[in-house]
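One line per chain: the protein sequences are B and L, in this order.
Here the first sequence is numbered in the working numbering, starting from 1 and rising by one per residue.
Here the second sequence is numbered in the working numbering, starting from 1001 and rising by one per residue.
For the record, the hints were derived by calculation from the structure and aren't laboratory data.
All C-beta atoms, glycine included, are put in the ideal place defined by N, C-alpha and C.
The reader is advised that the hints may include incorrect statements.
[Said to hold, decoys possible] Here are the simulated BS3-like pairs of lysine-lysine, each with C-alpha atoms no more than 25 Å apart in a straight line:
#1 LYS1011(L) <-> LYS1078(L)
#2 LYS49(B) <-> LYS108(B)
#3 LYS1057(L) <-> LYS1078(L)
#4 LYS1014(L) <-> LYS100(B)
#5 LYS1011(L) <-> LYS49(B)
#6 LYS100(B) <-> LYS68(B)
[Said to hold, decoys possible] On the chain L side, residues computed to face chain B include the following (Cβ under 10 Å):
#7 ARG1081
#8 GLN1083
#9 GLU1085
#10 ALA1088
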Amino acid sequence: AQSVTQPDIHITVSEGASLELRCNYSYGATPYLFWYVQSPGQGLQLLLKYFSGDTLVQGIKGFEAEFKRSQSSFNLRKPSVHWSDAAEYFCAVGAYNFNKFYFGSGTKLNVKP
Amino acid sequence: GAGVSQSPRYKVAKRGQDVALRCDPISGHVSLFWYQQALGQGPEFLTYFQNEAQLDKSGLPSDRFFAERPEGSVSTLKIQRTQQEDSAVYLCASSSDRNQPQHFGDGTRLSIL
């Protein structure tokens, strides 16, 4: 069965520190992978996506993610976190025909001054 | 505006009532998705439309849930005989094609008393 696991429910980092949010997926075929960010009371905004090709993908707001097939992982990273990055982050996998998407349960990021 | 618009933003209903939630996608977007997001969880796929055709409704929790998009633009999610477990945020997303990034609305927060 298809699923997405985000093992960390909450993460707190200091402003300026580096960040890595973990995502593991289970999917029978080549996965299409996404990271979204959600601020309170808002919809989701796409940060980046992986379809094929280079396994290190760059996104908006200075985020990047690396697809590792051997580990079934798609971890999100940022070298230096800003206070405005505090939000909830969701990893998602898309079905091969893009008719359906599966989301993880999210990781809430707090940023300490 | 140019984004996905959902109405109402908040809906309170008594158990057993019927509700209808509306989604206005971005103009010209052929793909439309509905998701249910329970408190503290990630979005769960409900259904997918391509234009007016409902191509996947496997995520609808029961036959009390019904979605339509009769003219391939505005979509309505209807929930009949609401129950307390239907309380959630219902998110709508649209994209220009199924493999293009989804643009999310801010959601409708449904509370069943």
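Cross-check of the supplied hints:
{"no.": "1", "hint": "LYS1011(L) <-> LYS1078(L)", "result": "holds, 13 Å"}
{"no.": "2", "hint": "LYS49(B) <-> LYS108(B)", "result": "holds, 20 Å"}
{"no.": "3", "hint": "LYS1057(L) <-> LYS1078(L)", "result": "holds, 13 Å"}
{"no.": "4", "hint": "LYS1014(L) <-> LYS100(B)", "result": "violated, 31 Å"}
{"no.": "5", "hint": "LYS1011(L) <-> LYS49(B)", "result": "violated, 33 Å"}
{"no.": "6", "hint": "LYS100(B) <-> LYS68(B)", "result": "holds, 22 Å"}
{"no.": "7", "hint": "ARG1081", "result": "violated, 26 Å"}
{"no.": "8", "hint": "GLN1083", "result": "violated, 22 Å"}
{"no.": "9", "hint": "GLU1085", "result": "violated, 17 Å"}
{"no.": "10", "hint": "ALA1088", "result": "violated, 13 Å"}
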